[in-house]
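The primary structure of each chain is shown beneath.
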Amino acid sequence: MPILLLPPEFTRVLQLQLIPSRPAYCSPQFISVQYAGLQNRSFREMPDLLAARTQMALSLGFHIVFAEIGIAMPLMMVIAEWRWRRTGDRACLELARRWAKGTAILFAVGAVSGTVLSFELGLLWPGFMRFAGPLIGMPFSLEGFAFFLEAIFLGVYLYGWDRVSPRAHLAAGVIVAASGAASAVFVVLVNAWMNTPVGFTLAADGSFATIDPIAAMGSPAAFQQALHMLLASYAATGLAVAGVHALVLLRGGARAFHAQALAVALLVGAPAAVLQPLSGDVSARVVAETQPVKLAALESQWRTERGAPLRIGGIPDAERERTRFALEIPYGLSLLAFHDPHAEVKGLEIAPRADRPPVAVVHLAFQAMVALGSAMALVSLWAGWVAWRRRDLTSNRALLGALAIVTPFGFLATEAGWIVTEVGRQPWIVQGVMRTANAVTPMPGLVVPLALFTLLYCGLGTIVVTLIVSLVRATSAPSGLVPDRDPAS
Amino acid sequence: MSADIRSLGLPELVAAVMVVALNAYVLTGGADFGGGVWDLFASGPRRAEQRALIAHEIGPIWEANHVWLILVVVMLFTAFPPAFATLGTVLHIPLSLMLLGIVLRGSSFVFRSYGARDDASQRRWGSTFAVASIGTPLLLGVIVGAIVSGEVGAAAMRLARAGETAPPSFASVYVWPWLAPFPIVLGVLALAMFAFLAATYLAAAARDDALRDDFRRRAFAAAVVMFVAAFGALGVAHVSAPHVRRGLMSMSGGALSLQLATGSAALLALWSLARRRWLIARASAAAQVSLILWGWVLVQYPFIIPPDQTTRAVAAPRATLVLLIGALGAGAVVLMPSLVYLYRTFGRVESTDG
Ligand code: HDD
Ligand code: HEM
Ligand code: HEM
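Chains L and A, in that order, are what the protein sequence lines are. Under our numbering, the final residue of the first sequence carries the number 489; numbering is consecutive throughout. Under our numbering, the final residue of the second sequence carries the number 843; numbering is consecutive throughout.
Everything labelled a hint here was simulated from the structure, so no lab data went into it. It is possible that some hints are incorrect.
[Claimed, not checked] Covered, in the sense of this in silico footprint (three residues per stretch, anywhere, with C-beta under 8 Å from a C-beta of chain L), are these stretches of chain A:
hint, region
1, 551-563
2, 806-818
[Said to hold, decoys possible] Simulated crosslink set (SDA-like; lysine to any residue; CA at most 25 Å straight-line):
hint, chain 1, residue 1, chain 2, residue 2
3, L, K101, L, K346
4, L, K101, A, A544
5, L, K101, A, V509
6, L, K346, L, D317
7, L, K101, L, L471
8, L, K346, L, L310
9, L, K101, A, G724
10, L, K101, A, H545
11, L, K101, A, R765
12, L, K101, L, L170
13, L, K101, L, R251
14, L, K101, A, L586
15, L, K101, A, R540
16, L, K101, A, A609
17, L, K101, L, A474
18, L, K101, L, L230
Every residue, glycine too, gets a C-beta built ideally from N, C-alpha and C.
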C-alpha cells in the first residue's frame, strides 16, 4: 500500500531524537528514565507489577468492547432512521428505536469504564503519566471534547424522539457517530505514541529538553493504528449485530424487521471486515519498520535473516530460541513485511533476553487475530456476493448460520490485536524510552484492587449480557408495530 | 524544568480553567449525586412521584454532566503531571473506592431504567444507585479534605525520601492522609452540599405544589447538615489541619469578601426557599456552593498539593500549556452551544419519556 511511505514531517521529527539519525525506539541503546522513589526493578520479580498490568489489561479489554459498540451503533441507528425517513418503512423506525435502547445501556457502561481508565492511568502508572502527561495530554483533551459532544447528542438522540424535530434528531445521531469515531482516533494516537514515541528530546537527567505535543500526535504508528481501530469497530460491531439478527431469523423471528436489521448491520460491518486484512497488512509493515522486536515476536522470528518464512501456528520456545511445529511458507514474511522476498527481517536476537516480550503470547494472539479476521472477511464477501446476485439474504440459511457463528469474532480479534500491540511492546511502556517496571505505582498490595475490579467487571459483564439478551428476546416476539411481510414487496 | 521555559501566568490560567470545570461538575454532576440521595430517602405519600421526578431530571443528561469530571482529570495530568502522579499514588485507596461508586451508580441507573420491570430488580438497582450516590460524594469530599490538609503532599515527600531514610509504613502513606477527621468532615460537607443543590433544583423543577414542598423540606434539612459540617470543618481544622487554619486566618481582603458573599448567597437561598421563589433559590444555592469551592481554592493558592507542590512548580512545559489553552478555547466554542441546546431540549417539558 502506498500510504505506507512516511511523510517527510516524520523524518524531521525523528531527527529531534537523542540519536540523531535513528529514532530512539529503534536504537539498541535504549535509554532508561528513572524517577525519585521508583527504583529500576526487575521485570519478572514483581507480583505488584504483574497485578497492575493485569488490572490495566482487564480494564482496557472490558472498555474496548463498549467503545467499539459506541463507535459503530450510532452509525447504524442513523442509517436505519434515515431509511425510515426515505421509505416510510415502519420496520426501520422500530429498528432504530430498539437499537437505541440497547445503545443506552452499553454507552453508560462504556462511559463509566472509560472513567475508570482515566483514573487508572494515575492509580497504576504514575511514573508514566508524570513523564508522558505533557506530551499525550493533547489528544486526551481533544478526546474529552469529543466525549462531551457524544454524550450531549446521545442524550438528545435517546431521549429526544418526541422533543426535537425529525431532522434535528437525525443530525444528533450523525454528530454522535462522528464524535465517537473521533474519540477513538484521539485515544489511539496516544497508544501509537507509546509504540513509536516522537516529539521530544531528553536532557541528561531524563527530563524534557524540548517538547512538541503536536508532533507527538503524528507518530509513525498513528495513521495505521487509527485506521485499523476504526475499521475494527465497524467490522466487529456490524458483524456481531448481523449475527444476532441472523440467529433470530434462523429461529423464525419477524422477517421484515430482522431483514432490515441484517441489511443495515452488514452495510456497516461487511465492507470494514473485507478491508481489515488490507489495513492489517499496512499495520504489519509499519511495525516491521518501527518496532522490529515486536514484529519478530508476533512472527516468532528468532534470528535475523533474509528471505524469512511466514510461520503459521507453531509453539515458540523461548529457552531454545526456536519455534516448533509451525507451518512455514518460504519467503512469506519478507514478502509480507517488506514486499520483497529477499528483504532482511530482524530477529528477536537483536534485543537482549531481558528486553524481549513474551513471545508465545504475542505470536498466538497474532495468529488468532489473523484467523478470525480472515473468517470475517470471507463471510462478508459471501454475504456481499449473495446480496449482489439475489438480493435476499434471509432465505439463505447457510449464510445466516455462518453469520451467526462469526458473531463474537470481531470482538475476539480486537482483544487479540490489543494483546499483540501491548504485550508485544513489553518490557517498555514507552517503546525504548521508559520501562513498564519504572512506571508502576510504588503502592504494594495491588492484587487487592485487581481482585476488586475483576469482580466488578465480571458482575457488570453478566448483567449487561442478560439485559441485551432480554432486549433481543423482545424482538423475537412478533411486534404490533411491524406487519410481518416480505421485505421484497 | 527551569522557570525560563514557562511564561508568567499560564499555569495559573490553566488551573483556573480547571476549577471552572470542577465547578461545573459540582453544579451538574454533584446535583445528580444529590438526586440519588433523595431517591434513597424518598418517603411519605408521594414517594413514587419523588423517585419519578429524580429519574426524569437525571435521565437524559447525567452522562454529559459526568464528562466535566473527565475534563478535570485530563487537564490535571496534562498541565500538572507530578500532581496527578502524587494523587494517584497516595490516594490510591479512596480514588479506587470512588471509582467503584461512579461505576455502580452510573450502571445501576441505566439498569433500573432499562432492565426488568419487576419490583425485586427495580429495588435492587434502586438501592445500589442510592448507596453509590451517597458513597461517591463522601469520598470526593474526603479526597479534597486530604489534599487541603497538606497530608497528601507530606506523604508524597516521605515516599520520595524512602531511599534515604527507613521506608515509611504503608498506613502512613496510603491510609492516614485521608482517613482522618478533617477529610471525613469535608466528606460530609460535600454530601450535604450535593443533596442541598439537588433538593433545590428538584423543588424548582417539580410540577405540583405538594411535591415542591417535599423537596423544599429536604433542602432545609440538607442546609442544616451543611452548616453543621462547615463549622465542624473549621473546628477540626483548628485542631488537626494547621495549614488550613493558617489559610483561613490570614484571609486577605479578597478572601474575606468571598466569605461574606458565600454567607449572603446562603441567606438568600434560605430566604427564597422559605418564600417559595424557586428560580432565585436555585440560582443562589448554585452560587453558594460555587463560592464554597472557590473559597477552598483561595485557601490553598498557590499550592495545587500543599505543602510543597505549587501550581507553578509542577506545571508542564510552556508548549503544552499553550496548546492546552488553545484546545480548551476551541473546545468551548463547540461545547457551549451544544450544552445550551441540551439543557433547552430537556429543561422544561412536561412529558415523561418512554
Ligand atoms: C475486528 C478486529 C480485527 C481484525 C479482523 C484484524 N485486526 Fe489487527 N488489530 C486489531 C483488530 C483487528 C486491533 C485490536 O484494533 C489492533 C490493536 C492495536 C491496533 O491498532 O489495532 C490490531 C493490531 C494489529 C497489528 C499490530 C499493530 C501495532 O502494534 O501497531 C497488526 C500487525 C495487525 N493488527 C494485523 C492484522 C492482520 C494482518 C489482520 C488480517 C486479517 C488483522 N490485523 C485483522
Ligand atoms: C488506546 C489507548 C490505550 C492506551 C493509552 C493504553 C495504555 C496502556 C498502558 C499505560 C499500559 C500499562 C503499561 C504496559 O503494560 O505497557 C497498558 C497495558 C496493556 N494494555 Fe493498553 N492501552 C490502550 C489500549 C488498549 C486496549 C484497547 C487493550 C485491549 C485489550 C489494551 C491491552 C493492554 C494489555 C493486554 C496490557 C498489558 C500488557 C502487559 O503488561 O503485558 N490496551 N496499556
Ligand atoms: C487508556 C485508554 C483510554 C481511556 C483513558 C479512555 C477514557 C474514556 C472515558 C473517560 C470515557 C467516558 C466518556 C463519557 O463519559 O462519555 C470513554 C468512552 C469512550 N471511549 Fe475510551 N478510553 C480509553 C481507551 C479507548 C479506546 C482504545 C477506544 C477505542 C477505540 C476508546 C473509545 C471510546 C469511545 C468511543 C467512548 C464513548 C463511550 C461509548 O461509546 O461507550 N477508548 N473512554
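To test your reading of the hints: which numbers does this structure violate? 3, 5, 9, 11, 14
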